[in-house]
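Q: Sequence:
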Amino acid sequence: NIHECVSAFADSNLKPAGSVLPDRLQTYLVPVEYGDEFRGIWRQDYFGLDLRAGMQYGCRDQAVMYNLREQPKELAAPGLVENIRFGRDMPSRTRPVDLTFEITGSGRLQGFVGYFSATLSDGIVISNYPCYPTCHWQNWHWPVAPPVDVEPGQSVTVSLDLQPNMVASGWRMDWEIL
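The sequence shown runs 1 to 178 under the working numbering.
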């Protein structure tokens, strides 16, 4: 896990005036409806085919990494999960992280996409979202099975338990529509 690895390395090896690259890492979560890829294919109208029955066999309920080629439909504004400034004596992670998403567009909640933005230095930021065809950094996806229809005005609460020294597949997510 990058937080624990960089923290331990900085504490052991960083000179007093030294800095870490990236300087800052922000992680986000956004509720989505997928397009014509990933879980988006398991629907009634996928190029004239009804693939909904296959969803129970083709989709697991655990977090998975997937390299999206197109940006999914965001059903709410992204929520900030972590805002880490790397260096010496980094604080421990907050667990769990609780977020509330206000649904802004009608759609089918099929999952939550996790992504990052890393600040290398002032004005230089890299990210793995929004998606683009040549990006090699995958996104984390927490699927919703079965998908749920949502409307503007609804809220979705998420509690994401960031287990120490684990990648996102080991984190536990609970969510609820209010």
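Just so you know, the hints here were simulated from the structure itself, not pulled from any lab data.
For every residue, glycine included, the Cβ atom is placed at its ideal position computed from N, Cα and C.
A couple of the hints might just be wrong.
Restraint-style ranges between C-beta atoms, simulated for each label pair [to be verified]: (1) Ser121 to Lys73: 51 to 57 Å; (2) Asp98 to Glu151: 19 to 25 Å; (3) Glu70 to Gly18: 26 to 32 Å; (4) Ala77 to Thr134: 34 to 40 Å; (5) Asp23 to Gln163: 21 to 27 Å; (6) Ala17 to Glu102: 27 to 33 Å; (7) Asp149 to Ile124: 36 to 42 Å; (8) Ser155 to Val125: 26 to 32 Å; (9) Val148 to Ala17: 30 to 36 Å; (10) Asn13 to Ser121: 36 to 42 Å; (11) Pro16 to Glu102: 33 to 39 Å.
Q: Hint by hint, say whether it matches the structure.
A: Going through the hints against the structure:
1. Ser121 to Lys73: 51 to 57 Å: Roughly 33 Å apart at Cβ, these two residues miss the hinted range, so it is violated.
2. Asp98 to Glu151: 19 to 25 Å: The hint (19 to 25 Å, Cβ to Cβ) holds, given that Asp98 and Glu151 are roughly 23 Å apart.
3. Glu70 to Gly18: 26 to 32 Å: Roughly 40 Å apart at Cβ, these two residues miss the hinted range, so it is violated.
4. Ala77 to Thr134: 34 to 40 Å: violated (26 Å)
5. Asp23 to Gln163: 21 to 27 Å: The hinted range 21 to 27 Å holds for Asp23 and Gln163, with Cβ atoms some 25 Å apart.
6. Ala17 to Glu102: 27 to 33 Å: violated (43 Å)
7. Asp149 to Ile124: 36 to 42 Å: holds (40 Å)
8. Ser155 to Val125: 26 to 32 Å: Between Ser155 and Val125, where Cβ atoms are some 29 Å apart, the hint holds.
9. Val148 to Ala17: 30 to 36 Å: Once the Cβ atoms are compared, 51 Å apart, the range 30 to 36 Å for Ala17 and Val148 is violated.
10. Asn13 to Ser121: 36 to 42 Å: Check failed, 20 Å falls outside 36 to 42 Å.
11. Pro16 to Glu102: 33 to 39 Å: At roughly 44 Å between Cβ atoms, Glu102 and Pro16 fall outside 33 to 39 Å, so the hint is violated.
Violated hints, listed in ascending order, are 1, 3, 4, 6, 9, 10 and 11; each of the other numbered hints is respected by the structure.
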